[in-house]
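Student: Chain B: place on chain A using the hints.
Each protein sequence line maps, in turn, to chains A and B. For the first sequence, our numbering begins at 519 and goes up steadily by one. For the second sequence, our numbering begins at 10 and goes up steadily by one.
If you're looking for bench data, these hints aren't it; they were derived computationally from the structure. Beta carbons: idealized from backbone N, C-alpha and C, even for Gly. Take the hints with a grain of salt, since some may be wrong.
Short, incomplete list of chain B residues facing chain A, as computed with Cβ under 10 Å [stated by the list, open to error]:
id : residue
1  : ASP21
2  : LEU22
3  : ARG24
4  : ASP31
5  : LEU32
6  : GLU33
7  : GLN37
8  : ASN40
9  : GLY56
10 : LEU60
11 : GLU67
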Amino acid sequence: MRKKTPDRVELLQGTLDMLILRTLLFGPAHGHQIAKHIQRTTDDLLQVEHGSLYPALHRLERKGWVAAKWEPAGKDLKREFKYYRLTPAGKKQLTVEESKWKQMAAAIARVMWPAKEG
Amino acid sequence: MFWRRRKLREQDLERELHSDLDLEAEEQRENGLSEEEAHYAARRAFGNTALIREETREMWGWASVERFVQDIRYTVRQLRRNRGFAAVAILTLAIGIGANTAIFSITDAVLLRPLPYPDVNRLIRIWQSGPGLFEGHLGAAPPEFAAYRDRTRVFSNVAGYEPETLDLTNEGEPEHISGYAASSSLFPTLGVQPLLGRTFTRQEEFPGAAKVVVLSYPFWRRHYAEDAQVIGRLIRLNEQPYQVIGVMPRGFIFPSTPASPGEPPAFWVPLSFTIVQLNDWASSFDMSMIARLKDGVSLAQAQGDVKRVASQFQREHPGIYSGNVRLDASAEPWSPKFGAHTRIVLLMLGGAVGLLLLIACANVANLLLARAGARQREMSIRKALGASPSQVTRQVLTETAVLTSAGGAAGCALAYGLLHLMNTVSLNEINIRAASMDIRVLLFIFVLCSFTCLLCGMAPAWMFRGSGMHEALKQSSRHSGQSAGNRRFAGSLIVAEIACCVVVLIGSGLLLRSFIRILEVPLGFDPQQTLIVRTSLNRHRYSPPHRHAIERAIEARLSSLPDVSAVAVTTHVPLADERQIGFVIDGQPPDEFHWADNALVSGDYFHAMKIPLLRGRTFSVTDTASSPFAAVVSQTMASEYWPKEDPLGKRFKWGGRHLTVIGVVGDVHVEALDKPMTPATYTSVYQIESGPSTSAVFLIRTHESDSMRLAASAREAIWSVDRGLPIMDFSTLQQVVSSSLAIRRASLMLVGSFGVIALLLSLIGIYGLLSYAVTQRMQEMGLRFALGARPIEIQRLVVSEGARLAGWGILFGVAAGAFAAQYISKLLFGVRALDPVSFVAGVSLLFAVALLASYIPARRATKVDPMTALRYE
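This is chain A alone, in the form it adopts within the complex (with noise of 0.2 Å):
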């Protein structure tokens, strides 16, 4: 078992999902690019194990909100990549799931903060 370093946040529970989504909508991208975008956008923050990576592209596959395929890396024509993109269900099960995490944080900050109320 690897130790994790307090200053990192561990991810909730079903929100790696949607961070993928997220990231897939600027455009394909494989697996090592997806960790490494969140890890840089949440400035180290947030560490995407490839331990939850992998099995969470599987699953988001299987569910058909992304497609995979190989290509070949832009630069390097040799090596090939399993690129993934977000197909139209997915886009809608990106809007979902926002929708929800927003009305989660608001009851959240409902009860944690409840003097901003009223």
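Tutor: Chain B only, in chain A's frame:
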């Protein structure tokens, strides 16, 4: 297809991981790490790739199937490596499951299988009883049936039926066939349509109507080869033409079921009553009644309604229902008639095999526990390598499931064999051949196996779940084994097992003692060397004088055969047939009825049966239809009705006849050997005409030890007098006695063998547990020896452990046995349910076996060489 797709997916994932891993390494190199460092850094970043692969695979939903196959493969490999363990476990389970399956399939056929009538739970049996006069179910007289049919308000239909035998005299040899005479309402009550033609109408019930008959499927098939042209044909029954109007569907054999003994009914004819019969409230009580409840009516309402009708017609006929002639009516859900005893026997057998299965489960659970102890390290290592507790549990349960499946399959085969074996036993009460391994039985096996699997697998699975991996890994290999808690658990399994075994042993003991007691009951006649030939002289063909002439001629012809010492004719054979008559004793009120067994016999009957004549004389040629009616009474009858008086010359009235007692003979058990002696009266077959006098049973006492040898010459002798007589059956009196005890013998044999098996399993269980414990405590034993313990002390240590377990088991077993014995008290004869002999015998047998089982490991413990045992450390 599935595997191919899976393989492609696998390759795809492999490639993906590889490419991303390379990329990661590349980035690390760009950060300035060396080739090798970068490689490792990338690996570190990815973590356990095997785990990633596994979890990703799970996302595709194959993992569960795959894991299942993997678990099974692993289990089979494991079991192959431990053939001895697997064989013992599978055999034990097979015995438990096989015995349960066999008994269930019989119980199912007799008690549980639904009857082939629509809305069968709305069918009601109406029956009468005569409180203080006649115990048990009493049929109805024709006017009583008419009252229930016409005056009750809760039933949509009420039907009556009674057994009827007819001689089919159509073609060739006459055949004696049995069926039922039923009211036309029978078929609508049951809600069954004929397969061909129609059923009879109300008009056809009237005495003058043309005779019609409805055939059963089995009879139609046997006699008419399923020819549909039979409808409308005339056949001769009892010398009279009957028109075949219908054939019932295949499964319809009302009121029998496949499990009923004897042949299914061949026909149904209308039950017709003359005006005289319809006004005769008193003389016959042969009719059974079945009714269908109207919608929305409860059983309690039906009960009230039939009681109302019964009390109504009794008030209307005070001349008939007076004195001790009183009727009580009752309604209960209809079920085929199997004796209450049959039900108890089946429940008892079910209980015994249930206990047997529990014993088998305890043994297998202990085997698994012992193995689990040895595999503690293996499991801990599996856990350390990342197996979750649920995976370990699943592995253990898979092992148990594989064992129980194998046990179930073997048990299925065993049950099949057992049923075949039991098919050879013929019982008077039920037809075991009706039991078959159908889909219901297979379902039962499945449920039983699942239950067994859980029962056996739970303990070891729980044990692994709880074990922390650190402790187990820290243990050295020789220390590994069962913890104190597990040992205690294994011990309590043995205690439960012994308790179950004690219950079965006590039950076997009680049945055995009852059986011995029954064999000690004096029959009242000598069953040796006597042949029985059953024939029938139907009333339409033979007028009484004609019948008498033929019977006398046959008696004479049979007497002249070599090796024959006595010949007699009777209508009823004790322990096989019974009939009771109601009579009034002269000098007592005319409405004070009594009951006695009756048979119509010839004068030599008592001589041929070797029933002692105590006083007076038996029937002679002077007792004819024109002379005063004579009766021979049994000793019980004489002492019950004429105590302290000379019974000879006393008179009683039966069905309008005055009979005079001419002789007193010894008592004979008529109904069954385990029933109390009842009064009996014999009348002369040559003097009195009565319903059953058409049946003629010839008794032939021989000098031959095997009286069956005379069968051929007896047949010739009978047919030389009348070629047209149907000979229904040859048997010996010994066979009659023996078959009256058949169900008792069969249940004793079954419970007894279950007892033996239970004892063997307990022996194995105790032995296994103790020898395992001895192996575990080798060093302790060595240490004790080194410190000066004597072998006898070590031996005592082990044996006392066995005795302690047996003691607890016996304690619980005796308590449970005392409880269970109450349930079978109706099956016991001559012993109390709490018979001390049976209890002590069962307990001592078990205790002896327990000591034997502990002695062997105890001896092994004394053989421990202290040096070896200590060096072992």
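Student: Now tell me if each hint is right for this structure.
Tutor: To see whether the hints hold, each was checked on the structure:
{"no.": "1", "hint": "ASP21", "result": "holds, 7 Å"}
{"no.": "2", "hint": "LEU22", "result": "holds, 7 Å"}
{"no.": "3", "hint": "ARG24", "result": "holds, 7 Å"}
{"no.": "4", "hint": "ASP31", "result": "holds, 8 Å"}
{"no.": "5", "hint": "LEU32", "result": "holds, 5 Å"}
{"no.": "6", "hint": "GLU33", "result": "holds, 6 Å"}
{"no.": "7", "hint": "GLN37", "result": "violated, 12 Å"}
{"no.": "8", "hint": "ASN40", "result": "violated, 13 Å"}
{"no.": "9", "hint": "GLY56", "result": "holds, 5 Å"}
{"no.": "10", "hint": "LEU60", "result": "holds, 6 Å"}
{"no.": "11", "hint": "GLU67", "result": "holds, 7 Å"}
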